[in-house]
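Here the structure of chain V is known, so what remains is to put chain Z in place on it, guided by the hints.
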Amino acid sequence: MDITTTGRDSATIVSIAGRVDTATAPVLEQAINKEIETGHRHVLLDFTRVSYISSGGLRVLLATAKKLKTPGDKFAICGLSSEVHKILKLAGFTSIFSIYPTEGEALAGW
Amino acid sequence: MPGGSDTLHPLVWQPVPGTGSARIYPLIRKIDTVSSNSYLIATPDVLILIDPGGLPEQAEQLSQVIGECRRERDRPVFVFLTHAHIDHFIGVVGVPAFACPETAVFAVQEQGAEALERGDAKLTQAEMLGKSLAPMKIALPLFPRAWEVNCDIPVSMAFPNGATITITYDRSGTVGGLPHGRLEFGSGPALDIYHTPGHSPDSVCLRMGGLFFIGDILFAANPGIAGMYGWDQVALVQSLDRMLTRIDGGGITTVCPGHGRVVTATDAARMLSAVVTDARALSDIAELNRERAEQAAAFAEDCMEQVNELFTIMAGRLYYVSYVMDELGESDMADRMGALIPGDTIDELLEAFAAFAEEHHRGEHLSIHLALKAAQVIGKLGRAFRKEELVHIIDPTLVDRAGRLLSDYTTMFRGFNPPGERSGCSLVPVIEAIVTGLSVSSCSDEDMLSSADDDAAFLQVLLSRIGTRPLLEDVAFSFAAEDRFLPVFIDRDHFTDLVTFILEDLVGTGSDTVMLQVLRVDRHALVIISGNSTPGASETPRKRSFLAGLCARAGGTLTCTEDAGMRRFVISVELE
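Residue numbers (my numbering), protein chains in the order written: chain V, 1 to 110; chain Z, 111 to 686.
Bound-form chain V, shown alone:
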């Protein structure tokens, strides 16, 4: 799994490529936590190149949602593949945080 972090319009965009599984979920969590700890509280996860998410990955998403729930915080995910969208939808996660088709729509709409 590769993670790249960029800043745009006051948002921190964390782009992930590969599988979010037992081995890689902790790496993603560390990368997100590092951004939050340095004061970046508008976090957009770009999942365009994520092919698989395990329950460990879901837990990281939920942990992030918990950390970013003070007024003014923003947390969203964009670019879900149909497989990953299905997991998030059926697990009930789509009611916890916002999901957008693309990065542009996320930044315009959140």
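Calculated from the structure, these hints are not laboratory results.
Where hints are given, some of them may not hold.
Stated by the list, open to error - Partial pick of chain V residues on the chain Z-facing surface, computed with a CB cut under 8 Å: (1) 21; (2) 22; (3) 26; (4) 54; (5) 55; (6) 62; (7) 66; (8) 68; (9) 89.
Quick caveat, the model's predicted, so the values are computed rather than measured.
Backbone N, C-alpha and C fix where the C-beta goes; we use that ideal spot for every residue, glycine too.
Relative to the frame of chain V, chain Z by itself:
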């Protein structure tokens, strides 16, 4: 192995109880399908090796120990096979100490001996395990066809390794009907042999003093073993009953299996009794041959992809409940919810299977090994899966389907094919029940109100309300049945699972308009489920294969099409 005992120590010479002069050197391995345990016995007259195993290095190690014994005191060597499956002997190929009857005489029950002499790849399981097998010379066939005719007559035999032995097949030594023979190698202790077919037609047990060598019979009712070529349920049950009678008859202290740790006679009797119970339930199972191993491996991959998805969704749903409970200040309950499914353990199991499957596709593992790996992972998932608690918190449709998938694989792998129980029913009410279950919350507002006076009941209803999300609640769903009288013969559980999987796939991948139609066309009922398609939402070939298999188990056939932005699934069921 449960009920283990340390009455024999591995790789150490120790007395054979009840013999005075014999010693044993056990080579006991962790259980696998590659190689068996080996037991080397030294008496003043002879060296007896029981099952040299499936690995060349194991046979080489035993060859060195035999060499040391012969330098100490030269004696002829006999190699007894508890049965002629290759994991019990193939390691000897190419090892000089076992190359010819002048160096070692092989003794195998006659059917196994004949199989080895003709290089039979089926009875030896060489074909199943993808090994080649050259014919082998077996100088001492045991229980020859005429043994009952020549009963109670001692027969002396001389061998190229210099040994002269006396064999007596006798009725007087028979306990509980177990066919028995006694081999005497000189003045030292005798070796008793018992014919115990079932796991294979040539299976034998051997006894010297208090030790009883039983080959693979403890595993003979296990998935992936029961049903192998040569396996015989009726003979197995009879052999097990007779062995139990023999153990009860006394004189046996320690039982030495072909795989895993040795056990006390008491523990062995308990374990054999459990095997009898399992074996009795295995009538009419299909033969486990290479073709079925390949089918099982394909079914395993289809199933595991869905199992992976279902367990991830269930774990996610529990995390979601945990999150909401935490928001409500119920942190203890939040922690308890998070622990109901051991997500990390399950992820690791599923990822280990996926990695193994990839290795299988690269040619590193045989189909039977992938099928066995799936059985192992599914067994562990089943133990980690607290179904009874989960159905009260998250959608029972998720929990039940996951449970049925695990059970389907195990049932299929055990040889009951196809798993399914069909019965006559009216199709439209079945579909209406499915649709209602996916449209209405399992906990109504009425349930919430009526539990308000009882903290525990209210919490339970609240958990369930949070954990269950009717699949069709936020999609435009329509249902039409033009004919309500459609009698069909289906497996209702599998049919329900099939329709649910299809609807879940459509809704989960973004369809916001879903239609379900039921039609009569000639002698068939057609259930047509369609939804608008989203980019990249088509089923994978594996998903199609899984749904087609599930539909066959339900009692129908399935076609999947995609056209003009619509995905369409047609289930066809013959009318009664």
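Output the numbers, in ascending order, of every earlier hint that fails for this structure. Violated: hints 3 and 8.
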